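A.B. asks: Based on the provided sequences and hints, a complete structural model is requested.
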Amino acid sequence: MAVAGLLLQAIAYFPNGSARGFVVFNIVAAAVFIALVVTAVLLGSRMPRTAPFAIALGVTAIAVVALVRTTPRLANRYNPLRPAPYVARLMRKPNAPRLYPLEGVLFPDFAAPFGLSSMTNLENLTPRRPATFFSEFLDSGVHPARFYGLEAGRQMGAPDALTEFWAHKRYWDLIGVRYVLTGARDPNTQVVSAPPPAVSIAPVPLTTPLESAVACAAGPFELVSVFLSTYASVQPGEVSLDVLDARGVVTATAAVDSTAVVNNAEQSFPLPAPACADRNDRAVLRLRFQPRAPGAMIAAWHAPAQRQPGFWFRTLYNQPADLGLLRLVSEDRAAGVRIWENPRAAARAFLAPAVEVVRDSDHAFARLHATKDLQRRVYIEQAACRGLRVLPNRVEVRYDARTPGVLTLTDAYADGWTATLDGRAAPVLRVDGVFRGVCVDAAGEHRVEFTYRPPHWSVAL
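At position 459 of the sequence shown (counting the first as 1) the number is 594 in my numbering, and the numbers step up by one without a gap.
For the record, the hints were derived by calculation from the structure and aren't laboratory data. All values reported here derive from a predicted model rather than from experimental measurement. Not one of these hints is a red herring.
List of simulated lysine to any residue pairs, SDA-like, C-alpha gap at most 20 Å:
1) Lys507 x Leu309
2) Lys228 x Phe249
3) Lys228 x Ala482
4) Lys304 x Asn453
5) Lys304 x Gly276
6) Lys304 x Arg502
7) Lys304 x Leu451
8) Lys304 x Pro355
9) Lys228 x Gly311
10) Lys228 x Ser465
11) Lys507 x Val493
12) Lys507 x Ala302
13) Lys304 x Ala293
14) Lys507 x Ala482
15) Lys304 x Gln510
16) Lys228 x Asp467
17) Lys507 x His303
18) Lys304 x Pro232
19) Lys228 x Leu251
20) Lys304 x Thr324
21) Lys304 x Asp457
22) Lys228 x Arg483
23) Lys507 x Phe272
24) Lys304 x Pro478
25) Lys304 x Glu271
26) Lys304 x Phe269
27) Lys304 x Ala481
28) Lys304 x Thr267
C.D. replies: See below:
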């Protein structure tokens, strides 16, 4: 029964492409498991001893078959008793880098057993304020309690996870997401629009040009990917793709040598300039083939169910370089996992020289939107000084902190000062290059005492 339950839950957590499907799978899995348990309890005393085992084995077999036949499948696995090579590589990274898995790669809680810090639902069963930060500044399309870069479980109509990542890149940099994990996908190239997958597609010879319409509402694109067939042989010639505006004027053209086209695969056509700059406009893609040998022919794939004789395509664009493009640092071909490094990710701990006191988290969030450099200016909530006593060579502070932070005393820093926090020795920090401070690691009322002894005081005595 336990094995059957685990397998049913595994089916429920498989990528299925919609929030509704995710909920339905979970409800069905739970209902089936409860029905099995109830049946076992009610009939256990009246059935032969082997019957419950037979039922459990039958249900397990059904679950295994469903797992095998479900698509998309999980990445290829290694020996489950040792980590896959890409996991070992991530474990060797210094300073606890934070990870963001996309496309169902290692989701939802893969990182916990290996001590890796991942942007999955494990870390984000968060209090209300951090959850608000996730929804407002990182990704509004998914609930923070199930935060992973997968389309299953996303809110209807919300942008996909990769779109949200690039739209809020500077906040992902702020929280220190150093590595992004994908399958075969290149996260620097984003799909803008694509026709829905057809049930069946067939090749259409390019004896005459084929045209497909593109709606510009999805945004500009600078690369078009077309599925082509060479009939399993070399076809000398040139395949051209024209982009026409709403008036029928050719605005861009891309061409490739057809001898380099791979049979039954996508062929990329990079455009000299982005198309569809005006989101209210529309465009037309025109595909042409010019043979250079008798009998040479290229075919584009078309869905017979479509009313118009168009062709299958995808429009893509590359992210602007000023966002800080991701670098491919590792590719595990056996598992189908690629590791991308974000060079602009902040360290998990950094020193911000500019600090502004605000009333509460809402005011801090409002300031973040207008802050240019999020790693140089931070906002802390107002805290109350319960008492300050200045004595010769000693300062006593009682402070009610509403948040952890650096308690700063605007007195000069000098060698010879020591400090205690709630009776425990604490290092004295040089704040803003001139003041004294102590790191307060938890909210609440604290007692800090600064004491001065000249350097080498004991030797002098």
